[in-house]
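Q: Next come the chains, spelled out residue by residue.
Protein chains: 2
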Amino acid sequence: MQNFWDQRYAQRVKLMKSSAIRDLLKLTEQPEIISFAGGLPAPDVFPIEQVDAASHKVLQERGAQALQYGPSEGYGPLLELIARTASRDGLPITPENVFITSGSQQGLDFIGRLLVNPGDLVLVESPTYMGALQALAPYGAEYVTIPSDEHGMITSSLEEVLATRKPKLMYVLPNFQNPAGVTMSLERRRQLVELAIRYEIPIIEDDPYSQLRFEGEHLPSLLTLENELRGTEEDTYRGYIIQLNTFSKVLAPGLRVAWMIAAPELVRKLVQSKQGADLQTASLNQMIAYELMRDGFIERHIPLIRRTYRERRDVMLNAMDEHFPACIHWTRPEGGMFLWITLPEGMNATELLREAVKENVAFVPGASFHAEGGVQNTLRLSFSNATPERIREGIARLGRVFHKAVAAQTTTASTHV
Amino acid sequence: MQNFWDQRYAQRVKLMKSSAIRDLLKLTEQPEIISFAGGLPAPDVFPIEQVDAASHKVLQERGAQALQYGPSEGYGPLLELIARTASRDGLPITPENVFITSGSQQGLDFIGRLLVNPGDLVLVESPTYMGALQALAPYGAEYVTIPSDEHGMITSSLEEVLATRKPKLMYVLPNFQNPAGVTMSLERRRQLVELAIRYEIPIIEDDPYSQLRFEGEHLPSLLTLENELRGTEEDTYRGYIIQLNTFSKVLAPGLRVAWMIAAPELVRKLVQSKQGADLQTASLNQMIAYELMRDGFIERHIPLIRRTYRERRDVMLNAMDEHFPACIHWTRPEGGMFLWITLPEGMNATELLREAVKENVAFVPGASFHAEGGVQNTLRLSFSNATPERIREGIARLGRVFHKAVAAQTTTASTHV
Numbered sequence: 001m002q003n004f005w006d007q008r009y010a011q012r013v014k015l016m017k018s019s020a021i022r023d024l025l026k027l028t029e030q031p032e033i034i035s036f037a038g039g040l041p042a043p044d045v046f047p048i049e050q051v052d053a054a055s056h057k058v059l060q061e062r063g064a065q066a067l068q069y070g071p072s073e074g075y076g077p078l079l080e081l082i083a084r085t086a087s088r089d090g091l092p093i094t095p096e097n098v099f100i101t102s103g104s105q106q107g108l109d110f111i112g113r114l115l116v117n118p119g120d121l122v123l124v125e126s127p128t129y130m131g132a133l134q135a136l137a138p139y140g141a142e143y144v145t146i147p148s149d150e151h152g153m154i155t156s157s158l159e160e161v162l163a164t165r166k167p168k169l170m171y172v173l174p175n176f177q178n179p180a181g182v183t184m185s186l187e188r189r190r191q192l193v194e195l196a197i198r199y200e201i202p203i204i205e206d207d208p209y210s211q212l213r214f215e216g217e218h219l220p221s222l223l224t225l226e227n228e229l230r231g232t233e234e235d236t237y238r239g240y241i242i243q244l245n246t247f248s249k250v251l252a253p254g255l256r257v258a259w260m261i262a263a264p265e266l267v268r269k270l271v272q273s274k275q276g277a278d279l280q281t282a283s284l285n286q287m288i289a290y291e292l293m294r295d296g297f298i299e300r301h302i303p304l305i306r307r308t309y310r311e312r313r314d315v316m317l318n319a320m321d322e323h324f325p326a327c328i329h330w331t332r333p334e335g336g337m338f339l340w341i342t343l344p345e346g347m348n349a350t351e352l353l354r355e356a357v358k359e360n361v362a363f364v365p366g367a368s369f370h371a372e373g374g375v376q377n378t379l380r381l382s383f384s385n386a387t388p389e390r391i392r393e394g395i396a397r398l399g400r401v402f403h404k405a406v407a408a409q410t411t412t413a414s415t416h417v
Numbered sequence: 001m002q003n004f005w006d007q008r009y010a011q012r013v014k015l016m017k018s019s020a021i022r023d024l025l026k027l028t029e030q031p032e033i034i035s036f037a038g039g040l041p042a043p044d045v046f047p048i049e050q051v052d053a054a055s056h057k058v059l060q061e062r063g064a065q066a067l068q069y070g071p072s073e074g075y076g077p078l079l080e081l082i083a084r085t086a087s088r089d090g091l092p093i094t095p096e097n098v099f100i101t102s103g104s105q106q107g108l109d110f111i112g113r114l115l116v117n118p119g120d121l122v123l124v125e126s127p128t129y130m131g132a133l134q135a136l137a138p139y140g141a142e143y144v145t146i147p148s149d150e151h152g153m154i155t156s157s158l159e160e161v162l163a164t165r166k167p168k169l170m171y172v173l174p175n176f177q178n179p180a181g182v183t184m185s186l187e188r189r190r191q192l193v194e195l196a197i198r199y200e201i202p203i204i205e206d207d208p209y210s211q212l213r214f215e216g217e218h219l220p221s222l223l224t225l226e227n228e229l230r231g232t233e234e235d236t237y238r239g240y241i242i243q244l245n246t247f248s249k250v251l252a253p254g255l256r257v258a259w260m261i262a263a264p265e266l267v268r269k270l271v272q273s274k275q276g277a278d279l280q281t282a283s284l285n286q287m288i289a290y291e292l293m294r295d296g297f298i299e300r301h302i303p304l305i306r307r308t309y310r311e312r313r314d315v316m317l318n319a320m321d322e323h324f325p326a327c328i329h330w331t332r333p334e335g336g337m338f339l340w341i342t343l344p345e346g347m348n349a350t351e352l353l354r355e356a357v358k359e360n361v362a363f364v365p366g367a368s369f370h371a372e373g374g375v376q377n378t379l380r381l382s383f384s385n386a387t388p389e390r391i392r393e394g395i396a397r398l399g400r401v402f403h404k405a406v407a408a409q410t411t412t413a414s415t416h417v
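Protein sequence lines correspond, in order, to chains A and B.
Per UniProt numbering, the first sequence starts with residue 1, numbered consecutively.
Per UniProt numbering, the second sequence starts with residue 1, numbered consecutively.
Some hints could be false.
Any copy, or any two copies together, can satisfy a pair, since identical chains are not distinguished.
Taking lysine-lysine and the BS3-like style, the derived pairs with C-alpha atoms no more than 27 Å apart in a straight line are [claimed, not checked]:
#: 1; residue 1: Lys17; residue 2: Lys166
#: 2; residue 1: Lys57; residue 2: Lys168
#: 3; residue 1: Lys358; residue 2: Lys404
#: 4; residue 1: Lys168; residue 2: Lys14
#: 5; residue 1: Lys14; residue 2: Lys358
The hints are simulated quantities; they were obtained by calculation from the structure and are not laboratory data.
Working from the sequences, and respecting the hints, build out all of it.
A: Below, the structure is given as C-alpha cells:
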C-alpha cells in the first residue's frame with residue numbers, strides 16, 4: 001500500500017503548502033525552548049472564569065439549543081449583536097451581512113472556495129499572512145505581490161498592477177499586520193479603496209488585531225472608507241469589502257468562533273457552502289461568545305490584553321536594542337502581536353533558526369510569508385505569548401545567535417576579499 | 001452591484017447543491033409544525049448536566065489549554081483514547097490513524113478535497129445521505145448508484161460496475177442508513193470489502209449510528225472485515241477503509257466533534273489540509289468529549305438514547321400501521337434515527353410536502369437522496385426528535401394527507417380509463 005494514496009490524490013493536493021508555523025509549534029513545544037514562533041495569544045489573559053461562567057449559563061438556560069444542530073449562517077442573536085455593533089459608526093450592517101465561521105482561517109478557505117478559479121490572481125502584500133496563502137493555494141490562486149514598508153502596502157505602483165495584471169481579489173491586513181506588525185496609513189487606505197472601487201476588485205480586509213492598539217490613533221477600516229467613498233444610501237451593505245473578524249484574539253482561539261461581514265448575496269452563497277463543508281460552527285461556542293459580548297465583558301477585557309501585550313512589546317524592543325547587532329533592523333508595531341526583523345543581505349533566517357533552536361529559542365523564518373519567495377533574510381517574532389522574563393532571556397539568546405552569524409558573515413566576506 | 005458577485009464565482013460554485021433538509025428546517029421551525037424532517041437527535045437525551053460538569057472541569061484544570069490553539073490533528077489524549085477504544089476488537093488502530101474533524105460532514109468535505117478530481121466517479125447507494133452528495137459535488141464528483149433493499153446495498157451487480165465504471169471511491173452507510181434506515185447484511189459487507197480489495201477502491205464507511213442498535217445483532221464494521229480479509233500483520237492500519245465516526249449522535253451535535261480512522265499517510269495529508277481550512281477543531285469541545293468518553297459516561301449514556309429512540313420508532317411504526325393507506329410501504333429499522341417510505345408509483349413526495357405543511361406536519365422528500373435523480377415517490381421520516389405524543393399526532397396528520405392523495409390518484413386513474 002506504500003504509494004496507494006499518493007496515486008489517488010486530487011490535483012489540488014499538489015498545490016497545498018504545509019505551514020512552517022504549525023510544524024514549528026511541534027518542534028518548539030519543549031518547555032526549555034523560548035518560542036517567539038507561534039502566533040499564540042498570552043494564556044495569562046484568557047478569561048477562564050468568564051468562559052466557564054458563560055458556558056454554565058448557556059447550558060443551564062438554553063442547554064438543548066447549545067447542544068443541538070443550529071443554522072449554518074450562525075446563531076441568530078449573535079448575528080444580530082455583531083450587526084448592531086458593526087453599525088455603531090453609521091455603517092449599514094444588518095444580520096444578512098454577517099456569517100459565522102470556525103475561525104477566520106475558515107473564512108479565508110470559504111473565500112477561496114467561492115471566488116478562486118485555478119490560475120486566478122490574488123494581490124497580496126509582501127510579506128503577508130502565510131495562512132492566507134495556504135488557504136487560497138489549493139483552489140489554484142496565484143499571487144501578485146506589492147511590497148510594504150512601515151506604513152503598510154506601498155500603494156504608489158498599485159494602479160499600474162491593477163490595470164495590467166487584473167487580479168480577481170486583493171488581500172490586506174491593514175492593522176498591525178501579521179507578520180510585519182505595520183499599520184497601513186490613512187492615505188494609503190483611501191488610495192487602495194478608491195482603486196478597488198474604480199477597478200471593481202473585492203478586498204479581503206483581514207482584521208483580527210484592530211482592537212489591540214497600544215498607542216496612536218485608531219484608523220477607519222477599509223469597510224468604513226469604502227462605504228463612505230461609494231456614497232450610496234443602502235439599507236444593507238453591498239460593497240466590495242469582505243471583512244474578516246474574530247473572537248480568537250480578544251477572547252480565546254480555542255473556541256474557534258469568528259465572523260465575516262460581506263454583501264448579503266455573498267453571505268447566502270457562503271451559507272450554502274458551509275452546509276456541505278461542516279454544516280455549522282459549534283452552537284455552544286457561538287452562544288458562549290454571544291454571552292460574553294452581550295454583557296460587555298469582551299469590551300471590558302480588551303484593555304487588559306492591550307496592557308499585557310504593550311508591556312511585552314516594550315520589553316522585547318528594549319532587549320533587542322540591547323542585544324542585537326546594529327546591522328539588524330526591525331519594525332516597531334503600535335499594536336497586535338508581531339514584529340518583523342530584517343537581517344543583512346545574504347543571511348539566511350532558516351539556517352539561523354537551526355542555530356537558534358540549539359540555544360533554545362525559536363522564531364519563524366520569513367520566507368513562507370513572501371508569496372513570490374526568494375527572500376531569505378527576514379523573520380517574524382511574536383511578543384504576545386511569552387512572559388516578560390522569558391522575552392528578555394529569549395532575546396538575549398537570539399542576540400548571541402545573531403552576533404555569531406554576523407561575525408561569521410564578516411569573516412567570510414573578508415576571506416573573499 | 002446586482003450581478004457583481006454572480007460574475008465572480010468560481011466554477012465549483014455551480015456544482016454546489018443546497019440542502020433541502022437545511023432549508024426545510026427553517027420552514028418547519030414554527031412550533032405548530034410537527035417535523036419529521038430534520039435528522040435531529042432528541043433534545044430530551046442531551047446530557048446537559050454532564051457536558052456542563054465536563055466543561056467546568058476542563059476549564060478549571062486545563063483552562064489555558066482549552067482556550068488556546070492546539071494541534072491540527074486533534075487533542076492528543078483524545079486521539080489516543082479513540083485509538084485505544086477502536087483497537088479493542090484486535091484492530092491495529094494507533095493515534096496516527098485518527099484525525100479529529102468538526103463533525104463528520106467536515107470529514108466528507110476533506111475526503112473530497114484530497115481525493116476527488118473533477119469528473120471522478122464516486123459509487124453510492126441509492127438512496128444515500130444527501131450531505132455526502134453535497135460535500136463531494138463542489139469538487140466535481142460524479143456519481144454511480146447501486147440500488148439498495150432491506151439488506152442494504154445490493155451487491156450482486158457491484159463487480160460489473162467496478163470493472164466497467166472504475167469508480168475512484170465508494171461511499172456506504174452500513175448501519176441504519178440515512179435515509180433508508182436499512183442495515184447491510186454480513187454477507188453483502190463481505191462481498192463489498194472483497195471487491196474493494198480486489199479492485200483497490202477505497203471505501204468511505206460512514207458510521208454515525210452503529211451504537212444506536214435497538215434489536216438484532218451487531219455486525220462487524222467494514223473496517224474490521226477489511227482488516228481481516230487483507231490478513232496482514234501491520235502494527236498500524238493501512239487499508240482501504242476511511243471510517244467516519246462522530247460524537248454527534250451519542251453526545252451532542254452542537255459540540256461539532258467527530259473523527260476519522262484511516263491510513264496514517266492519508267491522515268497526514270488531512271492534517272495538512274486542515275491547517276489551511278480551519279486550523280483545528282475547537283480545543284474546548286475536544287476536551288469536553290474526551291472527559292465524557294474517558295470516564296465511561298458516553299458508554300453509560302447510550303442505553304438511554306437507544307431506549308428513547310426504540311420507543312419512538314415503535315410508536316411511529318404502530319401509528320403508520322394504523323393511519324397509512326395499504327398501498328404505502330416503509331422500512332422497519334433496527335436502530336438509528338430514520339425510516340423510509342415508498343409511495344405508489346406516480347405520486348410526488350415534494351408536492352405532498354406542500355399539503356403536509358398545510359396540515360402542520362413535515363418530512364423530507366426523497367428526491368435529493370437519489371444521486372441520479374428521477375425518483376419522486378419516496379420520503380424520509382426521522383423518529384428521533386419528536387416526543388411519542390407528537391409522533392402519534394403527526395403520523396395521523398400525515399395519514400390524512402396520504403389518504404387524500406391516494407384517493408385523488410385513484411380518481412384520476414379511473415377518469416383516464
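Q: Look at each hint and say if it fits the structure.
A: To see whether the hints hold, each was checked on the structure:
Proximity of Lys17 and Lys166 under a CA criterion of 27 Å is satisfied intra-copy only: 25 Å inside one chain copy versus 30 Å between copies. Taking the shortest alpha-carbon separations for Lys57 and Lys168, neither the intra-copy value of 45 Å nor the inter-copy value of 48 Å comes in at or below 27 Å. Taking CA atoms no more than 27 Å apart as the test, Lys358 paired with Lys404 passes inside one copy only; the shortest distance there is 13 Å, against 80 Å between copies. Taking the shortest alpha-carbon separations for Lys168 and Lys14, both the intra-copy value of 22 Å and the inter-copy value of 18 Å come in at or below 27 Å.
Taking the closest pair of Cα atoms, Lys14 and Lys358 never come within 27 Å of each other, the shortest separation being 33 Å inside a single copy and 52 Å across copies.
Against the hints set out earlier in the document, violations occur for numbers 2 and 5.
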